[in-house]
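Peer 1: So you can see what is in the structure, the chains are spelled out below.
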Amino acid sequence: MNATFRRVVTLCWMLMWVSVASPYPALAQTSRGADIAVVVHPDTPVSDLTLAEVRKVLLGERQYWNSKLPVTLLIRAPVARERDVVLRVIYQMTEAQFKQYWVAKIFRAEAASPPKIVYSNDVQYELVSAIPGAIAFIDARNVPPGLRVLRVDGHLPGEHDYPLR
Amino acid sequence: MYRRLFIIAVLLLTAVAAGGQSPPTPDQADQIRTLVQQVQQLQQRVTELEAKVSAYPTPVLYAGTAPVGSKPVPQETPAATVQAHQHEGAEAQAAVRQIETHYPSLQVRGFGDADFSTTDQKGTTSGFNLGQLDLHLASALSQKVSYFGEITFNAQPTGYTVEVERNIIRYDYNDFFKISFGRYHTPIGYWNTAFHHGAWLQTTIARPEMVKFGGTFIPIHFVGFLAEGNIPAGGLGLGYSVGVGNGRGENISRPGDAGDNNNNRAWVANLFVRPAKLYGLQIGASGYRDKITLADGRNFREWIGSAYLVWTKEHPEFLAEFANVNHELIMTGQSSNNQAFYAQLGYRLPWFERTVKPYYRFEYTHVPPSERLFTDTMDLVGSIAGVRYDITNYASFKAEYRNSRRTPGDPRVNGAFFQTCFTF
Chain P
3 MNATFRRVVT
13 LCWMLMWVSV
23 ASPYPALAQT
33 SRGADIAVVV
43 HPDTPVSDLT
53 LAEVRKVLLG
63 ERQYWNSKLP
73 VTLLIRAPVA
83 RERDVVLRVI
93 YQMTEAQFKQ
103 YWVAKIFRAE
113 AASPPKIVYS
123 NDVQYELVSA
133 IPGAIAFIDA
143 RNVPPGLRVL
153 RVDGHLPGEH
163 DYPLR
Chain L
32 MYRRLFIIAV
42 LLLTAVAAGG
52 QSPPTPDQAD
62 QIRTLVQQVQ
72 QLQQRVTELE
82 AKVSAYPTPV
92 LYAGTAPVGS
102 KPVPQETPAA
112 TVQAHQHEGA
122 EAQAAVRQIE
132 THYPSLQVRG
142 FGDADFSTTD
152 QKGTTSGFNL
162 GQLDLHLASA
172 LSQKVSYFGE
182 ITFNAQPTGY
192 TVEVERNIIR
202 YDYNDFFKIS
212 FGRYHTPIGY
222 WNTAFHHGAW
232 LQTTIARPEM
242 VKFGGTFIPI
252 HFVGFLAEGN
262 IPAGGLGLGY
272 SVGVGNGRGE
282 NISRPGDAGD
292 NNNNRAWVAN
302 LFVRPAKLYG
312 LQIGASGYRD
322 KITLADGRNF
332 REWIGSAYLV
342 WTKEHPEFLA
352 EFANVNHELI
362 MTGQSSNNQA
372 FYAQLGYRLP
382 WFERTVKPYY
392 RFEYTHVPPS
402 ERLFTDTMDL
412 VGSIAGVRYD
422 ITNYASFKAE
432 YRNSRRTPGD
442 PRVNGAFFQT
452 CFTF
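Heads up: the sequence lines are chains P and L, in that order. When we follow the working numbering, the leftmost residue of the first sequence carries the number 3, and every step to the right adds one. When we follow the working numbering, the leftmost residue of the second sequence carries the number 32, and every step to the right adds one.
None of these hints come from the bench; they were simulated from the model. A quick note: this is a predicted structure, and the numbers were derived from the prediction, not measured. C-beta atoms are modelled at their ideal positions from N, C-alpha and C, and glycine is treated no differently. Treat each hint with caution, since some may be false.
Unchecked claim - Listed next, the in silico BS3-like pairs over lysine-lysine satisfying Cα-Cα at most 30 Å (straight line): (1) K153/L / K107/P; (2) K118/P / K243/L; (3) K322/L / K101/P; (4) K101/P / K153/L; (5) K70/P / K101/P; (6) K70/P / K308/L; (7) K322/L / K70/P; (8) K308/L / K107/P.
As the list claims (entries may be wrong) - Have a look at the derived ranges for each label pair, beta carbon to beta carbon: (9) F159/L / I119/P: 33 to 41 Å; (10) P134/P / Q138/L: 21 to 29 Å; (11) T438/L / Q94/P: 42 to 50 Å; (12) A447/L / A98/P: 54 to 62 Å; (13) L66/L / P147/P: 55 to 63 Å; (14) F147/L / A98/P: 41 to 49 Å; (15) A98/P / S136/L: 19 to 27 Å; (16) D288/L / P47/P: 20 to 28 Å; (17) P147/P / S136/L: 30 to 38 Å; (18) T156/L / I119/P: 42 to 50 Å.
Stated by the list, open to error - Just a few of them, taken from the derived set where beta-carbon distance is under 8 Å, the chain P residues facing chain L: (19) A54; (20) V59; (21) S69; (22) T96; (23) W104; (24) A106; (25) R110; (26) A114; (27) S115; (28) P117; (29) K118; (30) A132; (31) P134; (32) H162.
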């Protein structure tokens, strides 16, 4: 390790700590509001996931509920609060990072398609009801009948320690 | 339905506001009064509809007691509302049909870059050069079968060459077992399978020396089959990939695309962990074994061991990878070990809407004098420091300073490199 290398490493660490010490803007721009429910097609063989498991599903690291039932990811289009919560709490990414993540994921041949983008809640309800294995994120106040709401870390929307809000 | 009414109300209010820019005439005052009355009626109507919507049956909460919306008294909906719901339902069903996956579902994405470089190395010239134009194809052929392809167009002094970089068909049984056949980037280490040919995907302008395209240190490509998947291990996030293929050809920078040149298959195995509690961390190790037959008839046994640790979040991003390549000349038993590693640190700054990412990389390659196969690979000790600026979500500009030395005693080479890269 030569002196130049040591100097540059020191500079990098200083830069990093300066930016860590400075206020980092929140990943999502929306204020806190209603809980976001994780809903699945009623035939999906799952009722309780940890936040880490939800993250695995959303990252495309878990692509099958079982060997016959693939996961179909549904995510609201930008600006929707549901999407902001998903990006902030689960992905911990900005909009740009999220887009880059899925471009890279498909490019690495780890997934054949990105999450399906849904432009309205009505369409989202129809899709979750119609597609076996579908998973979506819906404002807990507006969950329609017939969908299965998952516990996350053992909690349902509205409970004190529910993580998606 | 009530949303439409609300939109109409907003439009009316906007019209009222727009009309209020100048003193109203008596006619306008009447109109305004009428419009205000209509808005009040619409607001009342919206309130009624909201009350009816909140009286819909409770959602089915299979996972436990429902903590949300709990007035299970279904109301008889008026005919107009039913019609509106039917219309919206038809729209939603059309959207469902549109969004459902159809087979085959081909997606094409392109990557490109343009570069400028200048160095103080004797005998080199500065100037612009066109990087790779890269087309990536992905197509789901059925629920469980997918195709992936990657083709590059490379600028040469006399024209362009076209190269099939990857050509893969994969069958997914489940998350634990996926099998594919074709031409891959060899799963040794991290970089070679994380970034592929799209310069836009990687933080820096170029790949590290140990995994550079056209290089020989590790076999970049691999023709054969690969099994991969997750291993049930709780929160450890264990994954694997194991493959068998042709290994290096007579030209050791290329795989045996058209067939193996000996009867010995190469194998590769890669194991990694992505702990759930340390989101962003990935640690892995790889092994690769092959027998190489050169055009002059000499045979070598090759054994590659590799390990890596990466933190993929961008504040900070840290990538470190090491590989040891052992070659044994079978005729004499003479053996040599070649080592290479790099460590890269980047950090996406919280300012400028997080579009700026400075980075630094140190890399090292050592090929001992006893090495008989890597005749074109040279030692390297080098540093790069640069910054990446994301012009948009899909295009970036990078500027880099490089300082490197090939062999002890040689003068250091300084260079400035610039790149604009994009995906489309």
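Peer 1: 30 to 38 Å was suggested as the range; check whether the CB atoms of P147/P and S136/L agree with it.
Peer 2: 31 Å, holds
Peer 1: Restraint: H162/P near chain L, CB-CB cut 8 Å. Satisfied or not?
Peer 2: Violated - the Cβ of H162/P stays beyond 8 Å from chain L, reaching only about 10 Å at its closest.
Peer 1: Under the criterion of a CB-CB separation shorter than 8 Å, is R110/P in contact with chain L as hinted?
Peer 2: 6 Å, holds
Peer 1: Between K70/P and K308/L, does the CA-CA distance stay at or below 30 Å?
Peer 2: 29 Å, holds
Peer 1: Given T96/P as an interface hint, is the shortest Cβ-Cβ distance to chain L below 8 Å?
Peer 2: 6 Å, holds
Peer 1: Is the hint on P117/P kept, meaning its closest Cβ partner in chain L is under 8 Å away?
Peer 2: With a minimum Cβ separation of about 11 Å from chain L (threshold 8 Å), the hint on P117/P is violated.
Peer 1: Per the CB criterion, is A132/P less than 8 Å away from chain L?
Peer 2: 5 Å, holds
Peer 1: Honestly, do T438/L and Q94/P meet the 42 to 50 Å range at C-beta?
Peer 2: 44 Å, holds
Peer 1: Are S69/P and chain L close enough, Cβ to Cβ, to be under 8 Å, as the hint says?
Peer 2: 4 Å, holds
Peer 1: Do F147/L and A98/P keep their Cβ atoms within the hinted range of 41 to 49 Å?
Peer 2: 25 Å, violated
Peer 1: Within 42 to 50 Å or not, the Cβ separation of T156/L and I119/P?
Peer 2: Check passed, 47 Å falls within 42 to 50 Å.
Peer 1: Does the hinted range 54 to 62 Å hold for A447/L and A98/P at CB?
Peer 2: 27 Å, violated
Figure legend: structure checked against the earlier numbered hints; hints not met, in rising order: 1, 2, 3, 4, 7, 12, 13, 14, 16, 20, 23, 28, 31 and 32.
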